[in-house]
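Top line first, the protein sequences correspond to chains A and B.
Position 212 of the first sequence, counted from 1, bears residue number 212 in the working numbering, the numbering being contiguous throughout.
Position 23 of the second sequence, counted from 1, bears residue number 23 in the working numbering, the numbering being contiguous throughout.
Worth flagging that the hints you see were computed from the coordinates, not collected in a lab.
Incorrect hints may appear among the rest.
Said to hold, decoys possible - Using 30 angstroms as the maximum straight-line C-alpha spacing, the simulated DSS-like pairs for lysine-lysine come out as follows:
(1) B:Lys283 / B:Lys327
(2) B:Lys105 / B:Lys57
(3) A:Lys47 / B:Lys48
(4) A:Lys65 / B:Lys476
(5) A:Lys47 / B:Lys363
(6) B:Lys197 / B:Lys159
(7) B:Lys437 / A:Lys65
(8) B:Lys289 / A:Lys65
(9) A:Lys65 / B:Lys267
(10) B:Lys471 / A:Lys47
(11) B:Lys344 / B:Lys437
(12) B:Lys95 / B:Lys289
(13) A:Lys65 / B:Lys344
(14) B:Lys344 / B:Lys289
(15) B:Lys105 / B:Lys208
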Amino acid sequence: MQHGKYRFIVGFLAVPLGLYALFVVWPFIQSIYYSFTDWTGLSPDFKMVGFDNYTRMLHDDVFWKSLQHSLLFALVLPLVTISLALFFAFMINVGGRRRKGGPVISGVRGSSFYKIVYFFPQVLSIAIVSLLFAFAYNPDSGAINSLLRGIGLDHVQPLWLGDPSLALWCVMAVLVWSTTGFFVVLFSAGMASIPTELYESALLDGAGRATTFFRITLPLLWDTVQSGWVYMGILALGAESFAVVQIMTTGPGGPDYSTTVMVLYVYQKAFRDGQAAYATTIGVALLVVTLAFAAIVMRLGRRERLEF
Amino acid sequence: MGSTSNHGAEGVGRRDLIKRSAALSLVAAPGMSLLSACASSGGGGQTKDKAGKKTAKNPLGVNETAQMEFVLFDGGFGQEYAQDAVKIYEKDFPKAHVKFSATQKIQSTLQPRFNQGNPPDLIDNSGAEQMDMGVLVGKNQLSDLTPLLDAPSYDDPNKKVRDTLRPGIVEMGQFDGNPVWIMYYAYTVYGVWYSQKALDSLGAEYPKTWDEMLQVCEKAKKKGMAGWTYAGKYPYYLPFSLYPMIGKVGGREVLDAIDNLEPNAWKHPAVKACFEAYYELYKKGYILKGTPGLDHIQSQTAWAKGEALFIPNGSWVENESANVIPKDFNLAVSAPSGIDSNDKLPFGTIWASGGEPFIVPAKAANAEGGMEQLRIMLSEASSKNFTAKVKSLTAYNGGTTGITLTPGLNSGVAALKLAGSNVVNPRLQDWYVQLQKEKIGVAGLGEMMAGRLTPAEAIKKIQGFADEAAKDSSIKHYKHQ
């Protein structure tokens with residue numbers, strides 16, 4: 001049965017690989033090509049300009065700001081989201097007090113309810129979430145400042161999205177709120193596959209919640225955490241950060257460029273300023289950042305695999 | 001590693017998830033694939049329709065059987081006025097087929113078509129997704145509308161279209177030299193908008209000097225009303241009253257120098273005086289609390305509810321805020337207050353200019369048809385229809401007799417009358433979009449009015465932005481003729 005094996009495999013792989021090359025690899029190559037031209041996106045004629053776009057990018061303050069914000073997104077968001085999600089998932093699945101007659105390992109009271117509550121934002125489209133929060137952040141009549149007034153904090157009325165030192169954090173908070181639930185469910189799935197005997201023996205040895213978490217749950221969940229990290233980082237660099245920044249801080253990316261991110265800048269250059277070639281140049285930079293991010297996370301996160 | 005068999009119990013399994021994240025990473029650099037999707041496909045473009053015979057009834061020589069495609073921006077003015085005009089076209093050319101569509105996504109629907117060389121015949125290039133006019137002109141994508149302007153008007157064969165238009169409309173459609181690339185259809189009055197009723201209740205008149213302005217604001221403040229609010233998230237609404245004020249205080253040349261990106265244009269004493277005047281509003285607490293965090297709709301709503309007296313805006317505000325403006329609001333607009341009697345231009349100096357830019361692409365198959373449609377829209381009847389339906393003036397000079405004007409429109413007409421020839425038209429917002437909106441607007445004026453920059457710092461920053469734009473070879477530069 002060995003002969004013809006490769007032909008068999010190639011037969012199956014040819015079509016998906018072909019599609020992949022056509023719709024993924026080829027556009028990447030095209031974009032890199034366009035980044036060396038002066039294409040406007042509004043007319044089919046353009047000429048080669050060599051490294052002009054790249055030189056310009058290196059001297060572009062707004063680009064550096066957007067890069068800085070994107071990197072902050074990629075570092076802070078996964079860290080916060082995943083820590084929160086791990087904590088919640090642990091409490092839902094493992095962290096409960098032992099109840100009489102119940103299973104040895106269980107979540108806190110009402111954990112199935114919490115699971116739904118956490119996951120709920122995931123059901124809403126990011127556009128809706130952004131709009132809702134844009135209203136909540138309204139300094140004049142929004143929910144947050146009204147709440148502050150309601151509890152007597154009349155003098156604490158921040159401008160939220162209108163304040164350059166807060167705007168970026170406001171936007172990040174929304175992303176944390178809307179994505180944590182997904183990771184809670186993901187990590188719950190992972191935790192459910194950890195054999196209960198391990199927990200039981202840990203309990204017999206007198207381990208508390210924290211020890212159980214750091215010595216058993218986290219190491220056995222490491223692969224999931226790692227892929228979750230990459231996933232979240234890519235979201236933070238790409239689609240999600242674009243949506244919240246574009247919708248909530250609208251237009252130019254916050255007061256005084258305080259929330260501009262790379263994807264937004266790509267969009268603005270291509271579809272507002274008629275500089276598609278320059279936009280692809282920033283796109284190439286974004287590609288490099290994304291690849292570097294994934295490589296670093298995979299590299300740093302490498303651990304010995306645990307078999308159980 | 002562990003089992004992945006518990007899908008049912010716990011929702012998403014691990015393996016699924018990893019697969020998903022892998023799939024996602026393929027679309028990771030979103031800008032990239034997105035852009036290439038509309039990558040240039042070269043191509044020869046479409047063939048032009050043969051022109052028809054020029055007659056008295058058909059002065060532009062429209063091919064009577066050719067299709068005419070018209071894409072309208074579906075914005076604050078709706079689409080009814082254009083549909084009405086299309087009906088007239090269909091009546092005049094019964095054998096022609098008109099393909100009419102309206103969209104808010106001008107750029108996403110039309111950019112690829114420009115790129116492929118088969119754009120529609122007439123476009124209302126407006127709204128948030130407006131295509132950059134400078135680039136379109138620079139890349140020879142637009143038709144020169146001079147034949148339309150020199151054609152006889154729809155109503156009177158002895159009058160050219162050009163002679164029926166409001167002053168400044170033709171110049172606004174030009175960039176460098178004679179060709180006219182854009183036909184602005186609406187006519188917008190910019191200025192300070194307020195409720196006459198609220199002003200009366202304070203026992204005040206619209207202030208003509210800045211001292212009076214501060215007094216009115218003080219009176220309002222005592223009544224628990226803020227003096228001003230503005231679209232804090234889009235501070236590029238502030239120039240609607242600030243630029244004409246600069247023009248009034250220092251004369252037209254100051255605004256022209258700013259538009260021409262001349263060195264030190266922003267350091268003119270008039271600019272400084274006006275910036276300091278506006279900053280005074282912030283310092284004295286006359287700005288509605290929280291304003292820097294409001295968008296245009298939110299600030300207009302607060303203003304309509306009577307939380308603030310004045311708002312810088314354009315004449316579209318009457319239609320846009322129609323459902324929040326109370327019945328007895330008595331909407332009014334005024335030219336900006338000046339500093340004092342030493343101002344170069346009299347009180348009444350106002351910013352008014354064309355809005356809703358219509359273009360006929362150079363590669364349109366039926367460019368004559370597109371221009372003919374515009375000629376129809378510039379007739380007195382169509383202009384009246386527009387004004388009656390959407391509460392805005394058109395480029396057609398007149399066309400308001402015989403229809404009842406809404407309060408805002410009425411006061412706009414009065415303001416134009418008072419202004420006479422003192423109408424200024426700063427061009428930054430159509431020549432240098434990014435400079436005007438993001439840099440001067442958000443990073444400069446917005447920061448100053450939020451109290452995070454002093455006027456001197458704001459001027460220095462804005463001058464820096466302007467110098468940068470003047471040096472930037474990737475944008476096309478224009479000069480006042």
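Problem set entry | Enumerated hints in conflict with the structure, sorted upward | 1, 2, 6, 12, 13, 14, 15
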